[in-house]
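So the sequence lines, in the order shown, correspond to chains W and B.
Read left to right, the first sequence gives residues 1 to 138 (the UniProt record's numbering).
Read left to right, the second sequence gives residues 1 to 138 (the UniProt record's numbering).
Please keep in mind that the hints were generated in silico from the structure rather than gathered at the bench.
Certain hints may be false.
What the hints assert, rightly or not - Restricting the straight-line Cα-Cα distance to at most 35 Å, the calculated cross-link-like pairs of lysine-lysine (DSBU-like) are:
#1 B:K24 x W:K59
#2 W:K30 x W:K11
#3 B:K30 x B:K11
#4 B:K119 x B:K59
#5 B:K24 x W:K56
#6 B:K56 x W:K56
#7 W:K119 x B:K24
Said to hold, decoys possible - Computed list of chain B residues with no C-beta within reach of chain W, every gap over 10 Å:
#8 L4
#9 E40
#10 P47
#11 T48
#12 L51
#13 E63
#14 G73
#15 A103
Keep in mind it's a predicted model, so treat the numbers as computed, not measured.
Where is the CB? At the ideal position from N, CA and C, for every residue including glycine.
So the chains spell out like this:
Protein chains: 2
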Amino acid sequence: MDNLTALFKEKNLKLTPQRYAIYKYLKSTKSHPSAEMIYEALRPDFPTMSLATVYKTVKTLIELGLVQELNVGEDNFRFDANVDTHPHIVCTSCGRVDDIEDAVFEHLNEEVENYTNYKVNTHKLYFYGVCPNCQGEL
Amino acid sequence: MDNLTALFKEKNLKLTPQRYAIYKYLKSTKSHPSAEMIYEALRPDFPTMSLATVYKTVKTLIELGLVQELNVGEDNFRFDANVDTHPHIVCTSCGRVDDIEDAVFEHLNEEVENYTNYKVNTHKLYFYGVCPNCQGEL
DNA sequence: ATATTAATAGATAATATTTTTCCTTAAAGA
DNA sequence: TCTTTAAGGAAAAATATTATCTATTAATAT
Ligand SMILES: [Mn+2]
Ligand SMILES: [Mn+2]
Ligand SMILES: [Zn+2]
Ligand SMILES: [Zn+2]
Chain W
1 MDNLTALFKE KNLKLTPQRY AIYKYLKSTK SHPSAEMIYE ALRPDFPTMS LATVYKTVKT
61 LIELGLVQEL NVGEDNFRFD ANVDTHPHIV CTSCGRVDDI EDAVFEHLNE EVENYTNYKV
121 NTHKLYFYGV CPNCQGEL
Chain B
1 MDNLTALFKE KNLKLTPQRY AIYKYLKSTK SHPSAEMIYE ALRPDFPTMS LATVYKTVKT
61 LIELGLVQEL NVGEDNFRFD ANVDTHPHIV CTSCGRVDDI EDAVFEHLNE EVENYTNYKV
121 NTHKLYFYGV CPNCQGEL
């Protein structure tokens with residue numbers, strides 16, 4: 001019995017095929033998809049699944065601490081099954097959102113406490129630029 | 001003739017009382033208001049102004065480079081007449097959004113270029129924590 | 001295996017935010 | 001003052017997300 005099964009059981013949540021598929025898909029991809037993108041990606045395997053189920057499931061996964069929400073400045077949210085605090089970069093030309101690998105900014109929370117009276121818990125860091133693909137198309 | 005008048009003239013835009021008031025209000029406040037909050041704040045002086053005008057105006061101001069948009073993870077946008085790249089902190093208890101004064105993170109763009117093939121232009125940095133007011137209420 | 005029960009999927013309606021449309025008004029310049 | 005054209009306001013439309021409601025199904029016990 002794996003972690004996921006145990007966690008769902010602990011919270012009296014049912015591990016349905018839809019939930020399992022959505023989480024597995026988020027774990028498998030580095031594309032930081034929106035709800036709509038998840039819905040489209042899973043449609044071939046789950047043609048009857050509704051978009052509302054995607055929204056409800058990602059919310060559940062977030063509450064479980066299995067997924068985090070990203071806000072890159074679009075009119076929708078994106079989701080990431082990597083729940084560690086890590087920076088992202090957005091291509092302002094094609095809209096893709098990538099992780100920035102190996103860059104560590106965990107010291108930022110402590111560093112900023114010297115400049116504010118807040119108790120600082122976490123941060124979100126989004127870079128904006130032009131991805132290699134879009135640089136080529138100039 | 002001030003800068004604002006000149007800039008609007010250059011772009012063939014009209015400097016209406018509504019636009020002037022919205023920009024002046026954004027310049028005057030540190031609260032990073034949403035469109036709705038701007039609308040409510042100016043309602044006493046501009047009781048006939050519509051919310052659509054607020055939305056249209058902030059969009060215009062952004063295109064002029066006079067205002068920037070923030071995405072702290074709410075279901076709406078906030079606006080800031082300080083267009084310099086600077087970090088913000090969000091109170092997860094009461095929702096207020098503050099500047100972090102004096103903290104300089106301008107080196108981040110260059111630093112991160114070592115970890116990605118993107119051409120990096122700018123970034124947005126949001127901290128999350130508990131503000132002094134809300135710390136007292138525990 | 002079957003029955004029981006409570007949670008969830010899916011359909012749909014509702015809500016919230018933002019944008020668009022369309023017509024009237026008014027800013028800017030002559 | 002007159003003309004031109006951008007912009008305001010009201011309302012509808014478009015998007016994204018959430019809530020409601022009923023049938024289904026996962027989980028557990030028998
Ligand atoms: Mn990521
Ligand atoms: Mn600010
Ligand atoms: Zn790109
Ligand atoms: Zn607070």
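Practice problem: Over 10 Å to the closest beta carbon of chain W is the bar; see if P47 of chain B clears it. | Solution: P47 of chain B clear of chain W: closest Cβ-Cβ about 30 Å, beyond 10 Å.
Self-check item: Nearest-CB test (10 Å) between chain W and E40 of chain B
Solution: Per Cβ check, E40 of chain B is outside 10 Å of chain W; nearest 22 Å; holds.
Quiz item: Is the Cα-Cα distance between K119 of chain W and K24 of chain B 35 Å or less?
Solution: Since the Cα atoms of K119 of chain W and K24 of chain B sit roughly 32 Å apart, the hinted pair holds (cutoff 35 Å).
Quiz item: Is L4 of chain B truly not at the interface, in the sense that its beta carbon sits beyond 10 Å from all beta carbons of chain W?
Solution: holds, 26 Å
Quiz item: Looking at T48 of chain B again, its CB stays over 10 Å from all of chain W?
Solution: holds, 28 Å
Quiz item: Would the pair K30 of chain B and K11 of chain B pass a check requiring their Cα atoms to be no farther apart than 35 Å?
Solution: The hint holds at about 28 Å.
Self-check item: Given hint K59 of chain W paired with K24 of chain B - CA-CA distance at most 35 Å
Solution: violated, 39 Å
Quiz item: Closest CB-CB distance from G73 of chain B to chain W, is it above 10 Å?
Solution: violated, 5 Å
Exercise. Run the C-beta distances from E63 of chain B to all of chain W and say if the shortest one exceeds 10 Å.
Key: holds, 15 Å
Practice problem: May I ask you to check that A103 of chain B keeps its beta-carbon over 10 Å from the closest beta-carbon of chain W? | Solution: violated, 4 Å
Quiz item: Does K30 of chain W pair with K11 of chain W here, judged by a C-alpha cut-off of 35 Å?
Solution: holds, 28 Å
Quiz item: Keeping to a limit of 35 Å between CA atoms, is the pair of K24 of chain B and K56 of chain W held or broken?
Solution: At roughly 41 Å apart (the allowed maximum being 35 Å), K56 of chain W and K24 of chain B break the hint.
Checked against the numbered hints above, the structure breaks hints 1, 5, 14, 15 and satisfies the rest.
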